[in-house]
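J.: Chain order of the listed sequences is A and B.
Residues in the first sequence are numbered from 1 upward in steps of one, following this note's numbering.
Residues in the second sequence are numbered from 477 upward in steps of one, following this note's numbering.
Accuracy of the hints is not assured; some may be wrong.
To be verified - To give a feel for the contact side, a few chain A residues facing chain B, derived at Cβ under 10 Å:
#	residue
1	Asn210
2	Glu217
3	Thr240
4	Pro374
5	Gly378
6	Gly380
7	Leu388
8	Gly449
9	Ala469
10	Ala470
To be verified - The calculated label-pair distances, taken between Cβ atoms and stated as ranges, are:
#	chain 1	residue 1	chain 2	residue 2	range
11	B	Gln774	A	Phe99	34 to 44 Å
12	B	Gln774	A	Asp403	37 to 47 Å
13	A	Ser405	B	Ser609	12 to 22 Å
14	B	Gln774	A	Ser74	30 to 40 Å
15	A	Arg277	B	Thr743	34 to 44 Å
16	B	Pro872	A	Gln230	26 to 36 Å
Calculated directly from the structure, the hints in this document are not laboratory data.
Here the structure is a predicted model, which means the values were calculated and not measured.
All C-beta atoms, glycine included, are put in the ideal place defined by N, C-alpha and C.
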Amino acid sequence: MSQPLTSAIAANRFGLGARPGDLESIGADGRDWLRAQLKGAPPQIAAAQLRSSQEILVDAFGLRREQQAARKASAAAQSAAAGGEDAQATALLMKLPQFLRPIYTEEAIARLQLAATTERPFIERLTQFWTNHFAVSVDKQFLAGLAGSFEREAIRPHVLGNFTDLLLAAETHPAMLLYLDNHLSVGPNSPAAERLARRQTQRKLGINENLAREILELHTLGVGGGYTQQDVTTFAQVLTGWSIGGGAGRLFSDGAPGRFVFRAELHEPGAKVVLGRRYADEGFTQGSAVLREVARHSATAHFIATKLARHFIADEPPAPAVQQLADAFSRSGGDLPTVYRALIDAREGWQQALAKYKTPTDYIISTLRGLAQPVEPGKGLLAAFDLLGQRIWEPRSPAGWPDRSADWDGASALIKRIQWAEMLGERSGGQRDAVQLAAQLLGANLADGTRSAVAHAASGAQAVTLLLAAPEFMRR
Amino acid sequence: MPMQRREFLTLTALGAGALLTSRLAFARTAASKPRFVLVIMRGALDGLAAVPPYGDPDYAGLRREFALRVPGDSGGALPLNGFFGLHPSLSFLQQCYAARELTVFHALASPYRERSHFDGQDVLENGTAHAHSVQTGWLNRALAQLPGGTGRESGVALGQNVPLVMRGAAAVTSWSPSKLSALDEDTLARITDLYAGDALLAGRLADALAANAMAADDAGDASMAPLPPAAAAARAGAAARYTEVVRAAAGFLRQADGPNVAVFDTTGWDTHANEGGAQGQLAGRLAALDSGLATLKQELGSTWSDTAVLLITEFGRTAAINGTRGTDHGTATAAFLAGGAVAGGRVIADWPGLSARALYQGRDLAPTLDLRAVLKGILAQHLAVPPRALEQAVFPDSSAAAPLRDLLRA
Chain A
1 MSQPLTSAIA ANRFGLGARP GDLESIGADG RDWLRAQLKG APPQIAAAQL RSSQEILVDA
61 FGLRREQQAA RKASAAAQSA AAGGEDAQAT ALLMKLPQFL RPIYTEEAIA RLQLAATTER
121 PFIERLTQFW TNHFAVSVDK QFLAGLAGSF EREAIRPHVL GNFTDLLLAA ETHPAMLLYL
181 DNHLSVGPNS PAAERLARRQ TQRKLGINEN LAREILELHT LGVGGGYTQQ DVTTFAQVLT
241 GWSIGGGAGR LFSDGAPGRF VFRAELHEPG AKVVLGRRYA DEGFTQGSAV LREVARHSAT
301 AHFIATKLAR HFIADEPPAP AVQQLADAFS RSGGDLPTVY RALIDAREGW QQALAKYKTP
361 TDYIISTLRG LAQPVEPGKG LLAAFDLLGQ RIWEPRSPAG WPDRSADWDG ASALIKRIQW
421 AEMLGERSGG QRDAVQLAAQ LLGANLADGT RSAVAHAASG AQAVTLLLAA PEFMRR
Chain B
477 MPMQRREFLT LTALGAGALL TSRLAFARTA ASKPRFVLVI MRGALDGLAA VPPYGDPDYA
537 GLRREFALRV PGDSGGALPL NGFFGLHPSL SFLQQCYAAR ELTVFHALAS PYRERSHFDG
597 QDVLENGTAH AHSVQTGWLN RALAQLPGGT GRESGVALGQ NVPLVMRGAA AVTSWSPSKL
657 SALDEDTLAR ITDLYAGDAL LAGRLADALA ANAMAADDAG DASMAPLPPA AAAARAGAAA
717 RYTEVVRAAA GFLRQADGPN VAVFDTTGWD THANEGGAQG QLAGRLAALD SGLATLKQEL
777 GSTWSDTAVL LITEFGRTAA INGTRGTDHG TATAAFLAGG AVAGGRVIAD WPGLSARALY
837 QGRDLAPTLD LRAVLKGILA QHLAVPPRAL EQAVFPDSSA AAPLRDLLRA
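Start from the sequences, fold in the hints, and give me the full structure.
T.: What follows is the structure, given as structure tokens:
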């Protein structure tokens, strides 16, 4: 493998796309550049106006309470005199989305500003990988206001830490508990349920198995990881009581508003067996003990290794590379930098250039970096993610975005990229030497056909468009 | 050098159209040809909510406060056959049923028996009994069996990318509305040259241009009209959710030389919490879907009579309401076949019952009908996929699921 090729692969596949000058400064071996990025604390987003999940939830819960009170009042009024929805009620209904949307915009822009400028793009790509692994989606209530703070609070601090800590941080974060409905899950034999039963109320309390299932299927063992429906159901019982303070309804209202709380009142009592192992009932630690155990499981090592190799090496990752990563994961007890070093060392990652088709997010960020485009505040840039088919933090599924070429290489999606390339070309093309830029961004991957097309373009704008639309720029 | 700029759509209709004539110039078939629309409901539709078996003695106890009342009661189910009803949000589908243009299937399931959305959808689309066993979809393989199936674009996915069910050897394309500015003709020609050595990108670009040309051919097509401003869209609310995609689908299907198969996705069916009953979360989503289907009929015009629309989901949900007023992942569910070509007015179900003993693994509606029997019946009768091909190429190892006959009008 030639050294210029390792710098192009390091910058464009392992990183977020070269900026002018990056390939030169990466130097002789792209692998050293990646290893150096693992040193030091993970980068955090330091935008002063961003608020914590807790602060956001306190306000959001407050708005919801206002809505509910108004709904009750209007229902009472309507029973007296029939009337339609009045403007006041509608205005109240809009308050919550009006509160959440600007938070989404600010968070997404702050994330993009970091991605477009970071000197440690490998760490930023890993952050995006883990956020997608522990996916929440902003198409669910409250999540528009929480997806960004979830990434800042649960993902970023642990990206260079241990997988177990990352897992615990993600599963106990209010965003995840809300997204997968666990905050309201109640043990059928919990003190709260028994009390209700004694009072013979209509209401029945019970578990919701969503979070338990997705932890096993999507976050740890993987779908073939050897768990049964019984494991899912029992694990869901284990997780009863994992909730959020200050929620709606008497059972869910106490505790510090907007923070994780363990509600012993809702917890299904008793020792439980998950994946053949017995866990005594010690309240919260019963669940965290199960998480620690599944985090160490060999199926988890293999599942994480496969996803990392698919993301960084190839759609169908070579088995030896997956094995190396899984071994590194198991040997180190889930120490993520050790796994990343094994990833950097895997020879397969450097044998084929341009092995991955960019996602729309990859594509847009690499154009911003390549053209050194400033990321302006506001919704404008975010609309591009929507149009190109990957709205930020909206995978619409707890599985996160898919990670294979066929998921992203549609005809209509390609036209959108070309349109985006043309718009950027027109915005910036007149001012630069596109032939030089092509070499700076693509390095050893620059094909003769692209070089020639860029050189013979009819205008500076068209030259940049052709560069950004080139086959080697569509891939990484 | 000043450049000659033209609108992209004009270009594709007039300019690049010439390049693409070889792709598009297939013979016009007879005025009437079958059209098939597949709607994938991702997230696992609660079949017991969409098609409530209010006549089952165990139904109301399982569904508690969300049990729908009998037809005629306020907020009650819409009538089907005296045992099953339709969710009150599905008023257009109920009209179809009354006009004998809707068949409802119940207690059906794909061969998949676990409860992962993602594997369940993979099986739903790949047409085998196992997730990830093949990288192509049953609908694409069916199209490839038709005369000239691999030679021209016979299918369109309404969305930026092609879902698994439509991936494979048969030529298909994807289409989604564009709100970005027009492309420069000269730049586009140069990009076409640039892609000459790249089979994937060259093919995708040609497909995109062909699809846009087709959408533009449809003079005055509403699908190309700009979206209403956000405020108006919000007011139109759920009803408008599928309008754009449905209009585009109709635009393709109306054309004699266009694709005869269209696929699109719907989401939001994963109702683990606060699912609601006659009103609420699921009711709103069903209403949006129902309204989208009504728009589809309207936009198809006379083509509706040649059309069959199938709505399927990866699996059902638990029979009982869970602890958070929703339902968890289950097994059997309902499906819908609507359209002017459908021999409707029927509910096809070998009802297993909802007693504790009848439930699958003590929790889910038990499957008594293999989804592939429905799919094979439609493909055989409506699209005339040869029986041998159905058994071998399209749904391998499915001989136990014999095709349902006479799902469409003779």
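J.: Evaluate each hint against the coordinates.
T.: We went through each hint and held it up to the structure:
| no. | hint | result |
| --- | --- | --- |
| 1 | Asn210 | 4 Å, holds |
| 2 | Glu217 | 5 Å, holds |
| 3 | Thr240 | 8 Å, holds |
| 4 | Pro374 | 20 Å, violated |
| 5 | Gly378 | 15 Å, violated |
| 6 | Gly380 | 13 Å, violated |
| 7 | Leu388 | 8 Å, holds |
| 8 | Gly449 | 6 Å, holds |
| 9 | Ala469 | 5 Å, holds |
| 10 | Ala470 | 6 Å, holds |
| 11 | Gln774(B) / Phe99(A): 34 to 44 Å | 38 Å, holds |
| 12 | Gln774(B) / Asp403(A): 37 to 47 Å | 39 Å, holds |
| 13 | Ser405(A) / Ser609(B): 12 to 22 Å | 19 Å, holds |
| 14 | Gln774(B) / Ser74(A): 30 to 40 Å | 35 Å, holds |
| 15 | Arg277(A) / Thr743(B): 34 to 44 Å | 36 Å, holds |
| 16 | Pro872(B) / Gln230(A): 26 to 36 Å | 32 Å, holds |
The structure is inconsistent with the numbered hints 4, 5 and 6, although it conforms to all the rest.
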